[in-house]
Amino acid sequence: MSEKSILIRARGLAKTFRPAAIETPVLRGISIVIRSGELALLMGPSGSGKTTLLCVLSGLLRPSAGEVELCGVPISRLPDCAAAEVRRDKVGFVFQSYNLFPALSALDNVAEVLALKGTPREQARGIATEALARVGLGARLGHRPGELSGGERQRVAIARALAGSPALILGDEPTAALDRHTGMDIVQLIKDQVSERCGVLLVTHDIRLTRFADRVIEIDDGQIVSDGVAVAADETGGGSGG
Amino acid sequence: MATHGIRSFTLNPYLFTTTTNARRLLNVGENQAMYYVIDLADKQCGPALAAWMKRQPDIQLLDTATWSKKTQAFWVSGSGAGAALLFTAILGLFVGGVIVGQTLYSMTKEHLLELATLKAVGARPFELAGFVLWQVAFLAAAGVVSGFVLALVLKRVLENAGLTVVVSPETVGLSVMATILMCAMASITSLVAVYKLEAATVLR
Ligand SMILES: Nc1ncnc2c1ncn2[C@@H]1O[C@H](COP(=O)(O)OP(=O)(O)OP(=O)(O)O)[C@@H](O)[C@H]1O
Ligand SMILES: [Mg+2]
Chain D
1 MSEKSILIRA RGLAKTFRPA AIETPVLRGI SIVIRSGELA LLMGPSGSGK TTLLCVLSGL
61 LRPSAGEVEL CGVPISRLPD CAAAEVRRDK VGFVFQSYNL FPALSALDNV AEVLALKGTP
121 REQARGIATE ALARVGLGAR LGHRPGELSG GERQRVAIAR ALAGSPALIL GDEPTAALDR
181 HTGMDIVQLI KDQVSERCGV LLVTHDIRLT RFADRVIEID DGQIVSDGVA VAADETGGGS
241 GG
Chain L
243 MATHGIRSFT LNPYLFTTTT NARRLLNVGE NQAMYYVIDL ADKQCGPALA AWMKRQPDIQ
303 LLDTATWSKK TQAFWVSGSG AGAALLFTAI LGLFVGGVIV GQTLYSMTKE HLLELATLKA
363 VGARPFELAG FVLWQVAFLA AAGVVSGFVL ALVLKRVLEN AGLTVVVSPE TVGLSVMATI
423 LMCAMASITS LVAVYKLEAA TVLR
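Chains as they are written, first to last, in the working numbering: chain D, 1 to 242; chain L, 243 to 446.
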């Protein structure tokens, strides 16, 4: 039997932003466990707190209450520096707007982030070349982001996220800027990374992605309203919600 | 006596001429003089002459080095020229600092999303600071090089006009140090911006 390890364990998460005097409770008592071997989608209406939850889970934001363990490390209690190190070693990010470095080639975009982890340059370039080939960009190594299509850029971003062999891949609406077909390809690529050692959590509005998901978590108004096995969406029915 | 290539500002220029001419030009009497430059035909008479002059109550005897020092002291601290130059230099450093600071800050601002991305994927603060420090090192090097090219061109031009500009190793060292210090001060705002940068903004 395959051992699925717990990648994220969050208990009683609350997050309140305090700009000036108005307190805005955004997360209200969220407990969640994400394991390796699964692709989980985080869905919910706009403003429900999905992005905020992703930030808290990855240690980019500190929760106002509750605790997050990322790969067994209590990341919510660590200082920023130490939290950054946990992210560096364990997490691969895929962003909605790709967030590539415009001055660098596709190859260097991937290799730079590996170099951050302390991988020697030559080795980093080797791994980066392999990762780019895996996402179908073997012939685009020298292209800069400006010379690539949206879908190709997101592939570079995926190569960058998975080159470091992260235990967890996090994405915030990675397909939102892409057409439907390209979006599906991208999620398939991400899905291919799921293994005994790797899990994925994606925020999305696109109901069609549920067919790739092992699990769909819905939140509304900062609370989990449903969490269960995905039911494949009707291909012909309605577009993305809002 | 013909002279050429004399430049001066704020005060009278030196004019090496006969005593009679000098008295007439300065409008001073027979028994008045400011200084004489003594050029001995026979150097052997030097010590004897010096001994005699030292005995005179109202004559001061200065050798070339002392005279040079006294003149320098007069120009640098006695007249307004030294203070004016110092003030100009300080003003230059201040204005330069503001310009470098602004340039650096706008460079940093331009790359804020990339820096936030790096922070999100786990770059350490000093690695992000490295970005700012590279930029400022580049600005400092560009400033020092262009400054020296300008100084050397000016030196050449002024030399042709009869003015000697001395660019001593001390001057070079001091201006390089002042430039580095200025750039370091100018990078503080950018470093603070990078340090305070919220990585969570990459997901917004
Ligand atoms: N830094 C902040 N300061 C104050 N309020 C914030 C901040 N960040 C987010 N919020 C608020 O938190 C709420 C949830 O925001 P969040 O971005 O998590 O929503 P979301 O579910 O990702 O929405 P969308 O689907 O539109 O991306 C919003 O009402 C937003 O205004
Ligand atoms: Mg969002």
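Hints were generated in silico from the structure; no laboratory data involved. Computed from a predicted model, the values in this text were never measured in an experiment. In this text, a Cβ means the ideal position worked out from N, Cα and C, and glycines have one as well. Among the clues, some could well be false.
[Said to hold, decoys possible] Residues from chain D that keep clear of chain L, each with C-beta distances beyond 12 Å, as calculated:
{"#": "1", "residue": "Ile32"}
{"#": "2", "residue": "Val33"}
{"#": "3", "residue": "Thr51"}
{"#": "4", "residue": "Val56"}
{"#": "5", "residue": "Ser58"}
{"#": "6", "residue": "Glu69"}
{"#": "7", "residue": "Pro74"}
{"#": "8", "residue": "Gln123"}
{"#": "9", "residue": "Arg180"}
{"#": "10", "residue": "Asp185"}
[Said to hold, decoys possible] In silico DSSO-like pairs for lysine-lysine, Cα to Cα no more than 27 Å straight-line:
{"#": "11", "chain 1": "D", "residue 1": "Lys4", "chain 2": "D", "residue 2": "Lys191"}
{"#": "12", "chain 1": "D", "residue 1": "Lys4", "chain 2": "D", "residue 2": "Lys117"}
{"#": "13", "chain 1": "L", "residue 1": "Lys285", "chain 2": "D", "residue 2": "Lys117"}
{"#": "14", "chain 1": "L", "residue 1": "Lys397", "chain 2": "L", "residue 2": "Lys438"}
{"#": "15", "chain 1": "L", "residue 1": "Lys285", "chain 2": "L", "residue 2": "Lys351"}
{"#": "16", "chain 1": "D", "residue 1": "Lys117", "chain 2": "L", "residue 2": "Lys312"}
A quick look at each hint next to the structure:
The Cβ of Ile32 of chain D lies farther than 12 Å from every Cβ of chain L, with a closest approach of about 17 Å, so its non-interface assignment holds. Taking the minimum C-beta to C-beta distance to chain L, about 22 Å, the non-interface status of Val33 of chain D holds against the 12 Å cut. Non-interface status of Thr51 of chain D relative to chain L is broken: a Cβ of that chain comes within 12 Å, the nearest being about 5 Å off. Interface exclusion of Val56 of chain D from chain L breaks down, the closest Cβ pair being 9 Å apart, not more than 12 Å.
Look at Ser58 of chain D: its CB is around 8 Å from the nearest CB on chain L, not clear of 12 Å, so calling it non-interface is violated. The Cβ of Glu69 of chain D lies farther than 12 Å from every Cβ of chain L, with a closest approach of about 17 Å, so its non-interface assignment holds. With a cut of 12 Å on Cβ distances, Pro74 of chain D stays outside the contact zone with chain L, its closest approach being about 17 Å. Consistency note on Gln123 of chain D: stated as away from chain L, and its beta-carbon is indeed over 12 Å from all of that chain's, at 18 Å minimum.
Every CB of chain L is more than 12 Å from the CB of Arg180 of chain D (nearest about 23 Å), matching its label as outside the interface. The claim that Asp185 of chain D lies off the interface holds: its Cβ sits roughly 23 Å from the closest Cβ of chain L, which is beyond the 12 Å cut-off. Among the hinted pairs, Lys4 of chain D with Lys191 of chain D is consistent with the structure: their alpha-carbon atoms are about 16 Å apart, no more than 27 Å. For the given pair, Lys4 of chain D sits about 25 Å from Lys117 of chain D by alpha-carbon distance, which is consistent with the 27 Å threshold.
With a C-alpha separation of about 78 Å, the suggested pairing of Lys285 of chain L with Lys117 of chain D is violated against the 27 Å cut-off. About 45 Å separates the Cα atoms of Lys397 of chain L and Lys438 of chain L, which puts this hinted pair outside 27 Å; it is violated. Simply put, Lys285 of chain L and Lys351 of chain L have alpha-carbon atoms about 71 Å apart, too far for the 27 Å limit, and the pair is violated. A C-alpha spacing of about 64 Å is found between Lys117 of chain D and Lys312 of chain L, which places the hinted pair above 27 Å, so the restraint is violated.
Comparing the model with each numbered hint stated earlier shows that hints 3, 4, 5, 13, 14, 15 and 16 do not hold.
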